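Respectively, the protein sequence lines represent chains U and Z.
Heads up: the first sequence begins at 1 in the numbering used here, then just goes up one per residue.
Heads up: the second sequence begins at 1001 in the numbering used here, then just goes up one per residue.
Simulated from the structure, these hints should not be mistaken for lab results.
As the structure is a computational prediction, the values presented were derived from the model and not from experiment.
Glycine residues also receive a C-beta, built at the ideal position from the N, C-alpha and C atoms.
Just to be clear, a hint being listed does not mean it is correct.
To be verified - Distance windows between CB atoms, simulated: (1) Z:Q1069 with U:D374: 49 to 59 Å; (2) Z:L1079 with U:R434: 49 to 59 Å; (3) Z:I1025 with U:Y126: 51 to 61 Å; (4) Z:L1079 with U:P75: 42 to 52 Å; (5) Z:Q1069 with U:A398: 18 to 28 Å; (6) U:N90 with Z:I1052: 44 to 54 Å; (7) Z:V1281 with U:T69: 27 to 37 Å; (8) U:P241 with Z:I1061: 43 to 53 Å; (9) Z:G1275 with U:R174: 52 to 62 Å; (10) U:K143 with Z:T1149: 31 to 41 Å; (11) Z:Q1069 with U:L436: 20 to 30 Å; (12) Z:L1054 with U:P75: 30 to 40 Å; (13) U:A398 with Z:A1280: 31 to 41 Å.
Single-letter residue listing:
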Amino acid sequence: MNCLQKKICLFFIVSSFIVFLSVCFISCSPQNKPSQAEGIKIWHWMSDRDEALQELARKYETQTGVKVTFELYAPSDAYTQKIRAAAQTNTLPDIFGILGEKRDFASFIKAGHIYNLTDDMIRDNYAWENKLFAKALAVNEFKEGNNFNVEPGIYGVPMDVTNIQMLYNKDLLRSAGLDPDNPPRTWDEFLAANRLLKEKGIQGLVSGWGEIWMIDCFASNYAFNIMGEDKVLDTIRGNVPYTDPDWIRVFDLFRQMRDEGVLASGVVTMVNKTAEQLFANNRAAFAFNGSWCVNVYHGMDPDLDYGAMLPPRVSDNHPMVIWGGAGSSFMVNKSSANVEKAVAFLKWLTDDDQQAFLARKTNNLPSNKNSLKDIPAILAQFANDMDNTTHPNVWGVAEFPIVIETFNKGIQSIIIKEKTPESLAEEVQAMKKRELMKMK
Amino acid sequence: MRIRSNLENYLFVLPAVLIFSVFYIYPFYKVFTLSLCQWDGIANFNFSQNFIGLRNFKELIFQDKVWWQAIKQAGYITLIALIFQNALALVLAMACDRDIKGGNIYRVIFYLPPVLSEVVVGLVWRWIYDGNYGLLNYWLNSLGWSHLTMDWLSNPRTALICVAIIHCWKGFGWGFIIFLAGLQTIPRQLYEAARVDGANSWQIFKKVTIPLMIPVFILVSILTVLGTMQVFVLILSMTGGGPGYHTEVPVTRILASMVGSSRFGYACSQGIIFGVILLAVSFIQIRISKHMNKA
């Protein structure tokens, strides 16, 4: 290599090195906050609502001149990762949603990523707060003395409300000789109805229990019904063991369903989309699903004749309580340069007209109480049961994630005849003990 | 002059060192640091506040039974892939190595599964195995073997093997291509000479093909082990790790810790232990290969 060639090579290498370093420094330095001129940027994961949200964004720009950009990142797992990464790099948008447990929500707040909306909610004599379903707001609220050590306040704006209950296919009940207007109300009636359905070759209950949180939801409904809220929460606090007879009774319900052949084939690894297809295609008489299913079933079979009901109760000692509350919520980025604009937009988005539009377009229950007028009859059935809802995010205490996983996976094991209710209770309690020990 | 020359040499290797440091050493250092901490991936990270020593590793090694079950299950899929996937790849490569009609078409067909999206493959096969609508049960019913129909992916006895079969189907194309390339490097004269000496096909395979293909076998087996132990997308799209924990593999456990339980530190310790296991397996394979080459 002669001297000139060497010099050219060296020049090239040094230049590349400088470019490389510059790129590294630029990409590693905290990004500037979005300037106010750019308008409001919103990240969400709701692919089914994206079109309606885009339409509302255009409407808002026409009305106020403020540009709103909805950016969709789906599926929800990818969205969750994106939000977490953005939090670490301080690149969260003006408005975003959080998918996860209350513990994660609290971490975002404590890390200074979420704006406290309480003052805005209570302004003008609680005008904004009073418009919204209290149960939906509760999911976004941290009360005084909460276990997460978060400053009390409302940190999110619910876009819609949802609850998860039992659905029954009227045609299939009719074909099994059951009264479609009088679905089973008690557990025994439910098992009896399933025996009749089985005789006709019709599958009983279908649900996306491959997505294990739905098992948790079903089990906790019955835990509330059998032992009441106080005892369930005491279990989470560690004061009542999972080996308590009431918990074994909860686990035993899954054994009963397994032995009676109530559950649809493949339910333990079934994703909810498949479960929805089975129910919509008249392949199962009952489904355990959330109010979002109205939109899904409508897309799959607009003529599907079905009703919604609370899960059949096992005990009369305590009410049947279902999971429900805010379906999806938006939070305002505390470090955004557009906090005021973001709050104003969310206020507008939860106004009567916009909520009615969203309900009409997406068949979801609106979070605004005044926008329930034009919703379909089946959605109204879900709305009527909002008073019976609860949600882990409003309990004030949270179970260890690993205990929840052991609980849910264990129920799958009962369904596949690997575990008994008693052995599962022992296993969950052992895991709980281990986690409690770690805390000490 | 000498110093200047040395400096120039260092300058030449600097970009490579820098890229390696930024994209390999720094992330590894970061993962190792996180593995010593209790951190949820959301809160502001502060090493001294989050530091918990080796507690994550202790819990993982001595208490986390599901983790070791996942390793065992990944090992099981790997064993099946090593034996059946590679055997199939070798047989097909040998078939295509001969001058057969339409050889190129077969090559394309055999190489199709690896280029398909794993998610799509997973979803399609989930549908085939489905207990309600599944094509497999439909065929079994049509053949009058309805007693064999079942929920293939929800049955703990069949779920893992079903996933392993699809993994082999999806992956044999890689082995096929490498084996074919290896076979084509064997001089034809050796086969002709063996035939002239009166060797039959089996003897030619045993005495000519196998010895000359040993480096290729080793390469394929290392790639199979590394690729299969890290199987993930297929599991996620077919079973989600269920029923129970029956199809959990290390990467699904890492994801569960990271996203499901918000335990970033623990997930990092799982990543490190898993990396060490893979490193050890690869090291053993390389040692064996050296030994075989000498023999």
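We went through each hint and held it up to the structure:
1. Z:Q1069 with U:D374: 49 to 59 Å: About 52 Å separates the Cβ atoms of Q1069 (chain Z) and D374 (chain U), which means 49 to 59 Å holds.
2. Z:L1079 with U:R434: 49 to 59 Å: Given range 49 to 59 Å: violated, Cβ gap about 32 Å.
3. Z:I1025 with U:Y126: 51 to 61 Å: 56 Å, holds
4. Z:L1079 with U:P75: 42 to 52 Å: 32 Å, violated
5. Z:Q1069 with U:A398: 18 to 28 Å: 26 Å, holds
6. U:N90 with Z:I1052: 44 to 54 Å: Given about 26 Å between the Cβ atoms, the range is violated.
7. Z:V1281 with U:T69: 27 to 37 Å: 48 Å, violated
8. U:P241 with Z:I1061: 43 to 53 Å: 28 Å, violated
9. Z:G1275 with U:R174: 52 to 62 Å: 59 Å, holds
10. U:K143 with Z:T1149: 31 to 41 Å: 53 Å, violated
11. Z:Q1069 with U:L436: 20 to 30 Å: Cβ of Q1069 (chain Z) to Cβ of L436 (chain U): about 24 Å, so the range 20 to 30 Å holds.
12. Z:L1054 with U:P75: 30 to 40 Å: 35 Å, holds
13. U:A398 with Z:A1280: 31 to 41 Å: 38 Å Cβ-Cβ, so the 31 to 41 Å window holds.
Violated hints, listed in ascending order, are 2, 4, 6, 7, 8 and 10; each of the other numbered hints is respected by the structure.
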